[in-house]
Structure formats: C-alpha cells, structure tokens
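Colleague: The lines below spell out each chain.
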Amino acid sequence: MNEPNKNDKKSSLWKSLGTGLAVLAGLIVYAYGFQITKIDLEQLRSERRQESLVRVTRALAQPDIFEYEQVSEAFTAPVYVTCPADGGIVEAPDTSGPYVTVTPSCAEPGEIVTVEGFKFVPNSSGPVRFVPGSDPTNVVELGNDTATTDADGSFSVGIKLPKRPSDEAQFIRVTMRRNVGTPMFTQTARETWNKIIETVFLALLATTLGTILAIPLSFIAARNLMKSVRSPLTSIALSLLGWPLGIAIGYLLVSWVGKLSVPFAENIPVNVLFVALTPILASLGLRWSLPEEETSKPSKTTQTLRLIVLFVTVLIAFYGLFQLANLAINVGLLGIAGFGSLAFLGNFLFQLGDIIAITTPVLGGLATGSALSSFLGRTGQRASEKLAPGAIRLLNILFATLAGATLFGLFGRLVEWLYQIGQPTYVLWGPLIVGGLLGLALAVTTKPKDTLSTGLVIYYVTRTVLNGLRSVEALVMAIVFVIAVGIGPFAGVMALGLHTIVSLAKLYSEQVESIQPGPLEAIQATGANRLQTIIYAVIPQIVPPYISYTMYRWDINVRMSTIIGFVGGGGIGFLLQQNINLLNYRAASAQMLAIAIVVASMDYISSVLREKYV
Amino acid sequence: MLQVKNLTKIYDGGVKALNNVTFDAPKGQFLAVIGLSGSGKSTLLRCINRLIDPTEGQILWNGEDVTAANPEEMRRIRRKIGMVFQHFNLVHRSKVLTNVLAGRLGYVNPAWSLLNRFPKEDMTKALQQLERVGIADKANQRADELSGGQQQRVGIARALMQDPEIILADEPVASLDPVLAHSIMKHLEEINKKDGVTVLCSLHFLDLVHRYADRVIALNEGKLVFEGLPSEIDDKKFKDIYGRDAERVG
Ligand SMILES: Nc1ncnc2c1ncn2[C@@H]1O[C@H](COP(=O)(O)OP(=O)(O)O)[C@@H](O)[C@H]1O
Ligand SMILES: [Mg+2]
Chain A
1 MNEPNKNDKK SSLWKSLGTG LAVLAGLIVY AYGFQITKID LEQLRSERRQ ESLVRVTRAL
61 AQPDIFEYEQ VSEAFTAPVY VTCPADGGIV EAPDTSGPYV TVTPSCAEPG EIVTVEGFKF
121 VPNSSGPVRF VPGSDPTNVV ELGNDTATTD ADGSFSVGIK LPKRPSDEAQ FIRVTMRRNV
181 GTPMFTQTAR ETWNKIIETV FLALLATTLG TILAIPLSFI AARNLMKSVR SPLTSIALSL
241 LGWPLGIAIG YLLVSWVGKL SVPFAENIPV NVLFVALTPI LASLGLRWSL PEEETSKPSK
301 TTQTLRLIVL FVTVLIAFYG LFQLANLAIN VGLLGIAGFG SLAFLGNFLF QLGDIIAITT
361 PVLGGLATGS ALSSFLGRTG QRASEKLAPG AIRLLNILFA TLAGATLFGL FGRLVEWLYQ
421 IGQPTYVLWG PLIVGGLLGL ALAVTTKPKD TLSTGLVIYY VTRTVLNGLR SVEALVMAIV
481 FVIAVGIGPF AGVMALGLHT IVSLAKLYSE QVESIQPGPL EAIQATGANR LQTIIYAVIP
541 QIVPPYISYT MYRWDINVRM STIIGFVGGG GIGFLLQQNI NLLNYRAASA QMLAIAIVVA
601 SMDYISSVLR EKYV
Chain B
615 MLQVKNLTKI YDGGVKALNN VTFDAPKGQF LAVIGLSGSG KSTLLRCINR LIDPTEGQIL
675 WNGEDVTAAN PEEMRRIRRK IGMVFQHFNL VHRSKVLTNV LAGRLGYVNP AWSLLNRFPK
735 EDMTKALQQL ERVGIADKAN QRADELSGGQ QQRVGIARAL MQDPEIILAD EPVASLDPVL
795 AHSIMKHLEE INKKDGVTVL CSLHFLDLVH RYADRVIALN EGKLVFEGLP SEIDDKKFKD
855 IYGRDAERVG
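Chain order of the listed sequences is A and B.
For the first sequence, position 509 matches number 509 in my numbering, and the numbering has no gaps at all.
Converting from the second sequence to my numbering requires adding 614 to each position, the first position being numbered 1.
If you're looking for bench data, these hints aren't it; they were derived computationally from the structure.
Treat each hint with caution, since some may be false.
Here are the simulated lysine-lysine pairs, DSSO-like style, with alpha carbons at most 27 Å apart [to be verified]:
#1 K297(A) with K739(B)
#2 K837(B) with K853(B)
#3 K297(A) with K734(B)
Residues from chain B shown here face chain A by an in silico Cβ test under 8 Å; the list is partial [claimed, not checked]:
#4 F699
#5 V705
#6 A716
#7 Q776
#8 A788
Chain B is nowhere near these chain A residues, computed Cβ spacing over 12 Å in every case [stated by the list, open to error]:
#9 F34
#10 R55
#11 P165
#12 E168
#13 Q187
#14 F264
#15 T304
#16 Q351
#17 L475
#18 T533
We put the beta carbon where it would ideally sit given N, CA and C, even for glycine.
Could you put the whole structure together from the sequences, leaning on the hints where they help?
Modeller: See below:
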C-alpha cells in the first residue's frame with residue numbers, strides 16, 4: 001500500500017514541476033515571439049499613424065467605381081474694390097434661380113467680404129474666384145475658396161479681396177459643379193472588371209488543366225490499385241527500354257507525318273476535307289483492327305494484319321490532327337482579321353491550332369513510347385514464362401544492364417543540360433556505368449522466375465514527387481513560371497494548374513484508396529483487365545467525391561488567382577498591388593470589393609453545385 | 615472438371631487459411647463447401663479464380679494449370695468462371711443493366727470498353743438474363759435502389775453473362791432471409807441442372823446443403839475434414855466439422 005503512494009507523491013511533484021517548466025518555456029517562447037514580430041502598440045497611438053489610418057480607411061470605404069457626368073455653371077456677383085463715391089451700388093440679383101450675393105458690395109483690398117449663395121443644388125460644391133473687371137479672362141485664386149452648399153442649397157464663405165483696386169465693377173465668380181444624369185463606371189471600375197474576368201478565367205483554365213491531368217495520376221498514386229501490379233524483371237527491363245526508344249521513334253515519325261501536311265497547310269478546303277475524312281477512315285480502321293468481342297483466339301496472320309491496319313490508322317489519325325491544327329490556325333487568322341469585336345474567337349482558334357500542332361508530335365512520342373513499352377513488356381513476360389531459368393537469367397542480365405544504363409544515362413543528360421558540367425566522366429560514362437552495374441546487380445540477385453512489385457515502386461515514386469511538389473506554394477510556383485514564360489496570366493495558369501494537379505491527385509487518390517473492394521473483386525472475377533476494372537468498378541464509385549473535390553479546388557483557385565498577380569501571374573492582383581503602391585486607395589478598394597464579390601459568389605455557387613451533385 | 619491439389623494459402627500475417635486441400639469437382643456437379651466462419655471457404659473459392667494467389671499447390675481447370683497462367687491466359691480462364699458473392703458486390707452507382715453487362719468484360723475488347731460500348735448481342739443477352747432471374751423491369755434502375763434479394767439476382771445474371779462452365783458462389787444467401795434464400799438457391803439449382811454448369815457453393819446451413827447439394831466438402835481451420843454425400847453427415851461427422859460444442863439444430 002505504501003509503495004504506490006510514495007510513487008504517486010513523487011510523480012505528482014514531478015508533474016507540477018514539469019507543468020511549471022512548460023508554462024515558463026511557453027512564456028519565453030511568446031516573449032521572444034513578441035520581440036521578433038515587433039509588436040508595439042505605441043505605433044497605434046502615434047498621431048501620424050492614426051491620421052493616415054483614418055485617411056486610408058476613408059478611401060477604402062469609398063471605392064472608385066461610379067462617377068457622374070458633371071456640369072459646371074458659373075454665377076457672378078459684382079463687387080467694387082475700393083469703395084467708389086456712390087458707395088458701390090449694385091443691381092439686385094435675379095432671385096428666380098440660383099444667385100450669389102457679396103456683402104458688403106464694396107471693400108478695401110485685403111478686407112474680408114462674405115459671399116453667399118442661395119437656391120443652389122444641395123450638397124454641391126465649387127471654387128470661388130475673383131474676376132478682375134478689366135480683364136475677364138484672368139482669374140485670381142483666393143485663399144479658402146471652396147463653396148459647399150448645405151441641405152437648403154445655400155452657402156456662405158468669407159473671402160479676402162485681392163490687391164486689385166479698380167474703378168470699374170469687378171466680379172466674384174462661383175462655379176458650381178453638379179452631377180447630372182445616371183452614374184457611370186469610372187476608368188478604374190472598367191479596368192477592374194477586365195481584370196476580374198481575367199482572374200475568373202485563369203482559375204477556370206487552371207482547374208480544368210489540373211483536373212484532367214490529376215485523374216490518371218490519382219490511379220497510379222492509389223495503393224490498392226498498384227499493390228497487385230507485379231511483373232518479372234525481363235518484362236520490366238524491356239518496358240523501361242521501350243519508353244525512350246518509343247518516344248524517339250514516335251516523335252520522329254509523327255513529325256514526318258506533320259511535314260506531309262505542310263504542302264496543303266494553307267488551303268482551307270483541303271484542311272476541311274482531311275478533317276472530315278480522318279474520323280471516318282480512323283473509325284473504319286479501328287473497327288476492323290479492334291473487334292468488339294472475340295470468343296476464340298485469332299490466327300497469327302489475322303493478328304499481324306490487324307497490327308498493320310492499326311498502325312496505318314494511327315498514322316492517318318495523326319495526319320488528320322495536323323490538318324485540324326492547320327484548319328484551326330487558318331480559320332483563326334481569318335477570324336482575327338474579319339470578326340471585329342469577336343476577334344477573340346479567332347484568336348482562340350488560332351491558339352488552339354497552335355497548341356494541337358505543338359503537342360501532336362509529343363503526343364505521338366508518348367503514345368508510341370507507351371505502346372512499344374507495353375509490347376516489349378509483354379514480350380518479356382512471355383519470354384520469362386516460356387524460357388528455361390538459365391536463359392531468363394542471361395536475358396535479365398543483358399536487358400537489366402541495358403535498361404539501367406539507359407535510365408541513368410538519360411538522367412546524366414538531364415543533369416548536364418541543367419548544370420552544364422561539361423565533364424563526360426560525371427554526366428555520361430559515370431551514370432552509364434553505375435546504372436549498368438545496378439541493373440546487373442538486380443538481375444543477378446533476382447531469381448529468374450520471380451516477379452517484382454513494379455506497382456508499389458511506381459506508387460512510391462509518384463507519391464514522393466506529388467508530396468514534394470505539393471509543399472511548394474502556388475505563389476512560389478508562379479514566380480518560377482513568370483521567369484519561364486514571362487509576366488502575365490499564362491504564368492498564373494501554369495502555376496495554379498501545376499499546383500492543382502499535385503494537390504488534386506493526392507486528394508483523388510485517397511478517394512480511390514477508400515472505395516469498396518467488393519465490386520472491384522467482382523469485376524476482376526469476370527476476366528476484366530486492369531483498365532476495364534478501373535472503368536467499371538473504380539470510376540463509378542469515385543465520381544461524387546471527385547466532383548466535390550474539383551469544386552473545392554475551383555474555389556481555392558479563384559482565391560489564389562486574385563493574389564497570384566502580386567508576383568506577376570496575371571489577374572486582378574497586379575492591379576491591386578499597383579494601386580496600393582501608388583497610394584491610390586480608392587482604386588484599391590474597388591479591386592478588393594471585386595475580389596470579395598467574386599470569392600463570395602464562387603463560394604455560394606460551389607456549395608449549391610456540391611449539394612446538387614454529391 | 616476442376617481439380618484442386620494440395621492447395622495451401624498462408625496470408626501475409628502468417629494465417630494458414632488453407633492447409634493442403636485436395637478435391638475434385640466433376641463437370642455438372644453441385645458441390646457444397648461447408649465449415650465454420652473463418653474455416654477458409656472464401657479463401658478456397660478465391661484461389662480457384664486467382665483473386666487470391668495460393669501459396670502452394672495446383673489448380674487444374676479442364677487440365678490447364680490455373681496457378682501457372684499468365685495474365686492473358688487468366689483473363690481467358692476467368693471469363694468462364696462466374697462468381698456470386700455474399701454481399702452481391704454490385705457497383706452501386708451503376709445501372710442494373712451495366713452491372714449485368716460487366717459480365718462480358720472478359721470477352722469484349724478493352725479498347726471499346728473505354729467508350730462504355732458493348733455489342734448489340736450483349737445488350738439483348740443481358741436483358742434475357744434479367745428476364746430469366748425475374749427482374750427485367752429493373753434494368754434501368756440504379757443497383758443500390760434494389761433490395762438484397764434483387765441485387766443477388768443481378769449478381770447471378772452478371773455471372774450468367776460470362777457463359778460460365780462453373781459458378782463459384784461464396785455464401786450467396788447468407789445475407790438474405792430464408793424465403794429469399796430458397797428462391798436464390800433455386801436459380802442456382804436451375805442453372806446447374808438445366809445448363810449443366812458446375813456449381814461450387816459455400817453454405818452456412820445444413821438444411822440448404824441437404825436440399826440442393828449433390829456432394830459436400832467440409833473445411834475446418836483450413837483442413838479438408840469431410841468429403842462425401844450430404845446424407846453421410848452423421849452426428850460424429852457433424853462434430854468434426856463444426857466442433858465439439860456444436861449442437862445440431864436442422
Ligand atoms: N486478407 C487476409 N489477410 C489475412 N488473413 C486473412 C485474410 N482473409 C482471410 N484471412 C484469414 O483467413 C482465415 C480464413 O478466412 P476466410 O477464407 O474468409 O473464411 P470463411 O470464408 O470460411 O469465413 C481466417 O482466419 C481469416 O481471418
Ligand atoms: Mg467467407
């Protein structure tokens with residue numbers, strides 16, 4: 001009984017001591033924090049600060065959005081400077097409309113007279129000037145010279161007469177400005193509108209781009225889909241070799257197809273003809289070479305013929321793509337010249353054509369790369385099933401060494417290109433030898449009939465890259481892209497797009513990982529391959545969360561695009577920052593208001609859509 | 615003809631779910647698999663179509679070694695093996711018709727399924743199968759709008775789409791009430807008797823075994839403890855299968 005008690009006491013003493021120490025440490029941390037962040041309330045009390053705070057706050061409260069057309073009307077009242085003999089008798093003013101009086105009607109220079117006005121528009125204002133009688137075009141400014149009418153439309157200001165003595169009647173002129181008509185948008189408001197539209201579209205493009213690329217990534221970043229992907233080393237090595245080889249071949253081949261389209265590039269009817277013909281030919285070719293259903297295995301000749309037809313069909317499809325690009329460019333150019341205010345549609349077509357023309361060879365390279373890689377991979381798979389272990393080991397040693405050397409060699413080229421080291425020992429021979437040796441080691445240590453978990457390797461690599469990129473703020477990415485593609489919304493689209501890809505891929509893949517395994521198992525059991533399993537068992541399950549996350553991201557992108565302009569990424573942020581730097585707070589206020597409205601309405605729309613679809 | 619030889623499955627955690635199991639399922643037989651829960655019934659059925667890779671042993675399907683098949687051969691083998699699950703395993707958000715058509719995925723060209731396209735004959739066939747299990751009117755409803763019994767019929771229709779030579783049924787009626795259980799079992803029986811499809815069905819209740827099975831195998835902790843006719847299960851055999859403390863109710 002005694003023992004635990006003693007222990008309790010001891011521990012409670014330690015506990016309080018620990019708590020005390022923790023509190024002390026906390027105090028020190030916060031004290032240091034105050035010091036570091038320069039918390040100083042004196043600053044708030046200083047008069048100068050308070051004045052500018054008031055000024056800025058007032059400016060912010062009056063966003064520069066509307067203005068009126070102003071008309072100014074001048075009203076004059078005679079005055080004698082130095083009183084004449086008759087005491088300066090002046091005509092009574094016409095009191096049917098607005099009028100101005102000066103009392104007294106004569107005085108010495110330097111004396112103060114009272115200028116009063118009646119029947120003016122309430123709450124309007126304007127300058128009070130002295131017009132010499134001898135020289136009506138000359139206007140003399142006076143101190144304290146603004147007249148502002150009260151709620152009754154009257155005003156009264158005391159002004160000091162200038163040293164302009166004259167025998168003639170001279171005049172006090174009050175120019176009253178008055179707003180007429182309906183309010184109009186100011187220049188600032190129009191600029192803000194343009195930029196907020198740019199902002200919204202920036203967010204739209206970034207979200208679209210990001211979503212499209214994040215979806216396939218999310219599948220290879222999902223553990224439950226990748227876990228079971230295993231293949232023998234021969235197959236891995238061959239498919240690794242297939243990628244660079246296929247990309248190179250495909251790029252060259254498709255570029256050559258592109259050259260074939262050059263002679264007819266500028267002829268719109270020819271463009272149209274090809275663009276119309278291609279889908280027909282392609283679908284015929286595809287239908288023949290990819291039969292919808294097959295119950296028995298086709299003969300070797302049929303298979304070969306099909307492959308050839310498929311190959312030609314794909315080439316025709318790429319030719320059609322080039323012609324499509326040409327068509328878009330040509331029509332776009334016509335549009336830019338002829339559509340007038342709709343020239344942006346022409347520009348859109350032109351840019352679209354350009355994008356197709358640039359990306360088609362890349363697409364061709366990637367398609368051929370993946371095709372060759374999967375073909376070689378399958379060949380490797382078959383080889384490792386059919387051949388004797390000794391032969392497989394030999395093949396493994398050969399291909400794994402080659403694949404390792406190629407992989408590291410390409411990596412070396414990348415390093416060379418990035419850092420321009422210029423020493424082949426480090427960027428060519430070194431990587432080649434190291435890669436080759438690693439491949440060799442893998443081939444020697446792997447049992448010939450063993451399969452390696454390629455899926456998990458791909459999964460971990462993808463996850464690592466995604467996590468790394470995700471930790472880079474979109475604003476920082478924008479700075480990088482501004483350097484790469486120049487200041488403007490394009491840099492913003494790229495930065496936000498990239499950030500969208502990596503963060504959505506992560507969120508999406510978590511959804512894939514949490515789907516029900518039952519339907520997956522059932523679809524697999526029917527003999528569906530991996531692609532079919534994804535389409536029929538995975539996708540139906542992830543549609544709602546994907547929509548929800550895309551909405552959420554679209555929301556974030558609108559927010560981000562409002563400030564991405566701070567670093568030159570386009571959108572309204574650029575204008576906002578500029579106006580803040582120019583101390584033009586009323587304009588800045590208009591832009592903040594615009595941001596608030598857009599963000600709030602985005603919030604509302606996305607919540608409504610989410611409720612509807614999820 | 616299905617032959618299972620010395621099949622052993624050890625899970626990653628070290629659980630020996632199957633221990634040297636050997637048996638045959640001749641063509642056209644209705645073979646029941648019984649055993650307590652955790653005895654390895656599901657593992658056994660999933661090894662046959664390689665949803666689970668066995669650790670050791672061999673499975674011969676019409677003489678072809680399933681355990682050694684490559685992915686392409688596996689696709690060809692699997693499409694002839696229909697499977698029905700305890701929890702139906704339908705894709706909830708898809709239409710009933712799409713769920714049934716999924717049974718053809720082993721036959722159609724993967725490239726076309728990207729476009730969600732099935733040949734016309736498959737569409738007709740899917741409607742026929744739904745007719746056969748009595749829920750043709752539900753074809754265009756979402757799968758999760760159906761009751762349990764209806765969902766299991768969709769599951770059977772999906773298996774039938776495969777033109778199966780054998781159906782693996784993993785406790786197909788364990789989540790259904792007794793009346794529905796009989797109607798589902800009758801469908802399986804009809805498929806077995808009329809179409810000559812071999813059925814390998816794990817079951818919980820002995821009365822269902824007596825009523826529907828031609829032959830029985832029993833598992834206990836992964837070991838095959840009985841093989842024979844349903845009528846041969848006497849009190850002693852019963853205790854071997856279900857343990858000493860088990861009471862015979864049915
Ligand atoms: N994926 C798995 N990983 C590890 N152990 C498992 C797994 N699936 C089942 N088991 C274990 O294997 C044994 C047999 O399970 P199962 O085949 O589901 O039995 P039954 O279907 O007869 O209830 C059980 O002990 C179970 O806990
Ligand atoms: Mg089970």
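Colleague: State for each hint whether it applies.
Modeller: Structure-based check of all given hints:
A C-alpha spacing of about 22 Å is found between K297(A) and K739(B), which places the hinted pair at or below 27 Å, so the restraint holds. At most 27 Å may separate the alpha-carbon atoms for a hinted pair to count; K837(B) and K853(B) meet this at roughly 15 Å. Between K297(A) and K734(B) the CA atoms are separated by roughly 21 Å; this keeps the pair inside 27 Å, and the hint holds. Residue-level restraint check for F699(B) holds (minimum Cβ-Cβ distance to chain A is 6 Å; threshold 8 Å).
For V705(B), the interface hint holds, since its Cβ comes within 8 Å of a Cβ in chain A; the closest pair sits about 4 Å apart. The criterion of a C-beta within 8 Å of any C-beta in chain A is met by A716(B), whose closest approach is roughly 5 Å, and the hint holds. The criterion of a C-beta within 8 Å of any C-beta in chain A is met by Q776(B), whose closest approach is roughly 6 Å, and the hint holds. A least Cβ separation of about 14 Å between A788(B) and chain A goes past the 8 Å threshold, and the interface hint is therefore violated.
The Cβ of F34(A) sits about 54 Å from the closest Cβ of chain B, beyond the 12 Å cut-off, so the non-interface label holds. Non-interface call for R55(A) relative to chain B: holds, since the shortest CB-CB distance, roughly 59 Å, exceeds 12 Å. For P165(A), the shortest C-beta to C-beta distance to chain B comes to about 96 Å, beyond the 12 Å cut-off, and the non-interface label holds. Distance check on E168(A): its Cβ is at least 94 Å (rounded) from any Cβ of chain B, clearing the 12 Å threshold; non-interface status holds.
Distance to chain B confirms Q187(A) as a non-interface residue, since its nearest Cβ pair spans about 52 Å, more than 12 Å. Remark: the non-interface label on F264(A) is consistent with the geometry, its nearest Cβ contact in chain B lying 30 Å away (cut-off 12 Å). Annotated as non-interface, T304(A) keeps its C-beta farther than 12 Å from every C-beta of chain B; the closest such distance is 17 Å. The claim that Q351(A) lies off the interface holds: its Cβ sits roughly 28 Å from the closest Cβ of chain B, which is beyond the 12 Å cut-off.
Every Cβ of chain B is farther than 12 Å from the Cβ of L475(A); the closest lies at roughly 38 Å, confirming the non-interface assignment. Look at T533(A): its CB is around 8 Å from the nearest CB on chain B, not clear of 12 Å, so calling it non-interface is violated.
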